[in-house]
Amino acid sequence: MITQNIDALSLSELRYVAIKQGLDDAAVMDREDLLDTLKELYEERASSIFGEGIAFSPSTQPRFMNTLVEHDSEQVVGPLPGVQPLPNEYAETRIHLLLKDPYWAHAYWSVCPTDLQKLESSCDSFTFFLRSSIVEIGDQTREIDSYDIAISKEDSSWNINLPEQGYSYLVSLYYRDDKGNDGLLCQSNSVQTPQSYFLTHTEELQTNDDLFTLLFSSLVTKGGIMIDNPLLQEVIKKLDKRMEG
Amino acid sequence: MLNRSSIGLILNAHMPYVRHPEYPRFLEEDWLFEAISETYLPLLRMLNNLRDEGIPFRITMSFSPTLCSMLTDPILQGRFTNYLKLHQELGEKEVVRCGVEDPESLPLATMYLEAINKNLEDYFELYHCNILIGFRDLEESGHIDLITTSATHAFLPLFSQYPSTVGAQIELAVQSHINHFKCRPKGFWVPECGYFPGLEDYLKDEELAFFQLSAQALVLAEEPVKRGNYAPVVCPNGVFGFARDFHLTNLVWSNVEGYPTDPEYREFYRDIGYDLPMDYIKPYIHEPEVRVFTGFKYHAITGKGPDKVLYKPELAARKVADHTKNFLYEIRKKGKDINKILDRPPFYTLAFDTELFGHWWFEGIDWLESVIRKVAQTDDIVFETQLDYMERNPEAQVLQPALSSWGAGGYADVWVNGSNVWIYRHVHKAIERMEELAIRFPNQTSLKQRFLNQAAREVLLAMSSDWPFIMHNDTFTTYAESRIRDHLGNFNVVYENMCKNAVNTEWLVKAEKRNSVFPDIDYNIFNPHSDRNRYNG
Chain G
1 MITQNIDALS LSELRYVAIK QGLDDAAVMD REDLLDTLKE LYEERASSIF GEGIAFSPST
61 QPRFMNTLVE HDSEQVVGPL PGVQPLPNEY AETRIHLLLK DPYWAHAYWS VCPTDLQKLE
121 SSCDSFTFFL RSSIVEIGDQ TREIDSYDIA ISKEDSSWNI NLPEQGYSYL VSLYYRDDKG
181 NDGLLCQSNS VQTPQSYFLT HTEELQTNDD LFTLLFSSLV TKGGIMIDNP LLQEVIKKLD
241 KRMEG
Chain S
1001 MLNRSSIGLI LNAHMPYVRH PEYPRFLEED WLFEAISETY LPLLRMLNNL RDEGIPFRIT
1061 MSFSPTLCSM LTDPILQGRF TNYLKLHQEL GEKEVVRCGV EDPESLPLAT MYLEAINKNL
1121 EDYFELYHCN ILIGFRDLEE SGHIDLITTS ATHAFLPLFS QYPSTVGAQI ELAVQSHINH
1181 FKCRPKGFWV PECGYFPGLE DYLKDEELAF FQLSAQALVL AEEPVKRGNY APVVCPNGVF
1241 GFARDFHLTN LVWSNVEGYP TDPEYREFYR DIGYDLPMDY IKPYIHEPEV RVFTGFKYHA
1301 ITGKGPDKVL YKPELAARKV ADHTKNFLYE IRKKGKDINK ILDRPPFYTL AFDTELFGHW
1361 WFEGIDWLES VIRKVAQTDD IVFETQLDYM ERNPEAQVLQ PALSSWGAGG YADVWVNGSN
1421 VWIYRHVHKA IERMEELAIR FPNQTSLKQR FLNQAAREVL LAMSSDWPFI MHNDTFTTYA
1481 ESRIRDHLGN FNVVYENMCK NAVNTEWLVK AEKRNSVFPD IDYNIFNPHS DRNRYNG
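Sequence order for the protein chains is G and S.
The opening position of the first sequence corresponds to residue 1 in the numbering used here, with each subsequent residue numbered one higher.
The opening position of the second sequence corresponds to residue 1001 in the numbering used here, with each subsequent residue numbered one higher.
It is worth saying that the hints were derived from the structure and are not from the lab.
Check each hint, because a few of them may be wrong.
DSS-like cross-link-like pairs, simulated, lysine-lysine; straight-line CA separation at most 27 Å [to be verified]:
no., chain 1, residue 1, chain 2, residue 2
1, S, K1336, S, K1325
2, S, K1334, G, K222
3, G, K222, S, K1513
4, S, K1319, S, K1282
5, S, K1333, G, K222
Construct all of the structure, not just a fragment, from the sequences and the given hints.
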């Protein structure tokens, strides 16, 4: 994070930061306590940033960010006349899919109140579920594989696992009525997970030292730590396995 | 023939659009003022000195349209003047105080005061309050190549499903660049190195010849890259992509093992804004008693603990010399290995946020100057821009780079996670509605045109990568969230009124004053069906 390197702060600075962070007894805490409590607080917040199902993995190579320095401002910008608060959702039955990384996408959706009413009047009870599909996109979209995710009626977003690389995915929102019938409510845009040549041709890296140097020498730190990237880690894992084999 | 390595340095100067005329003084506006006084003005002085001495250098610099807009905004120019004068007064007071209470710090207080006085002189006399003049002058003299980035520094992969909006971000950026620098930008800084395959099509349409990529973008491509990151690739449509050298960049940019972490360098976080009694410092911080950085910092990094030794510029200068030597050693060492296996001398793309130099890393500008001077004395390393290289080596491997960014994990996780993901539901909706408005109400004039233009500004400002980034870092989340909500709420005022064929003039007049970025914007750029829009699939 780009906030203070708190180890470097004096006691008065630490107390100031702690009070700003809402620690009521900061004024009587000693330096060690303040450091421990603040670190714990930052860690908690960092892990809460990442949703369920995604391990928090701090970058192994933090960098100096941009110029933004925390000033702990409490100034609030007032809205202009006529500005209304944002709605929680929009009155439409739609689902969107955003690619986060090669293994995860984020889906968010909404169900139009009139569609909900229709459903409620057509059956005694119903549930929702998501179907994540691997598809081939050509003249016609063909489903290769899929899996279902049970969700509650209150849910409106979900992180979707994308198990295979180099494929297109889309997510559909379905209802299931009390008789076990499924009905499609809406289908998302598709996203494509990247396909990497060297993920499937690691043998070329194993047998060609020059190629390995050419490709990887610009991706590691002076201390030998590789740039934070899950696909590169996968390439290295495969290489290690081949070497062991 | 000598195997001469090239350093292709790109500096990205960007600030989010923060401008609050509705407040007499607004804390987050200090981001801009700190960047001008600690980075941009000292950098201009350094580059101008080198030019005046005839030291050769060629670097690429990107200026974001939001930054350009703020640097030329009369209100912010006036406020920066106040900022400088306030700090000048503090400097004069510090010289007196240190003379009596803290003689060891007196040379440092004097050093800071001198820097402020130089800034004041340069800002008024050389640049007449518009520092972009200085960078334009350096471009005209052939020392820097100026490029642009997306209009509000949007993380573009998260908007790739809205082609006309991505096109609008880029077209508007080019227009803004022409307005500020009086010539077309030559290349494009991809915000956060956030590349998605196909982005190059938008760049080609705007005659942007090249862009930069994250370090992993080529090695993870679908086809094998032949020269690693040591030469650019050319996308199938002819636009060049330069991937960063993570190894060399990290020597500078890592806050774990980078040069700026050396104990002799100045400590960023110890500042009299926090250290001195409230009664003394109160006039120079924010009301009511909000302690902030003042720029007067008297300690060296020293170590991890709270006990910091006095900062000694002469010791830091020695470290600058050491780190210059080390950097050139690393380049030569690398060149030795790479030259054996590459069919041409390597080109190292080093891409940094400009504000690292001077602001975060106080000695960073001295280090950069030292590297440029040393390189000028050698014949095996040269500073060369991306355009120079492309001219010299028009042949490049044709390759489609992979989806990537320079954020943690290498993709979009920094900009889409539990802390900020809620914004996309609303930003996407606003984009869809903006496109709808542009289709339903094309080529409006007078009040409706102004109304729709303001809607376009609000959508673009809501797309900035800075807000989700700030939320992810859990820093000033309240401000970032309120900015997103305000821009989207503002947009909705236009949408709802236009749906009723009405214009809220009271809102419009105030909104135009508050968010006055891109004065020449034409909302029709959002129309996917417009003849001018090439991105309608």
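Each hint tested on the structure:
1. K1336/S x K1325/S: holds (16 Å)
2. K1334/S x K222/G: holds (11 Å)
3. K222/G x K1513/S: violated (50 Å)
4. K1319/S x K1282/S: violated (35 Å)
5. K1333/S x K222/G: holds (12 Å)
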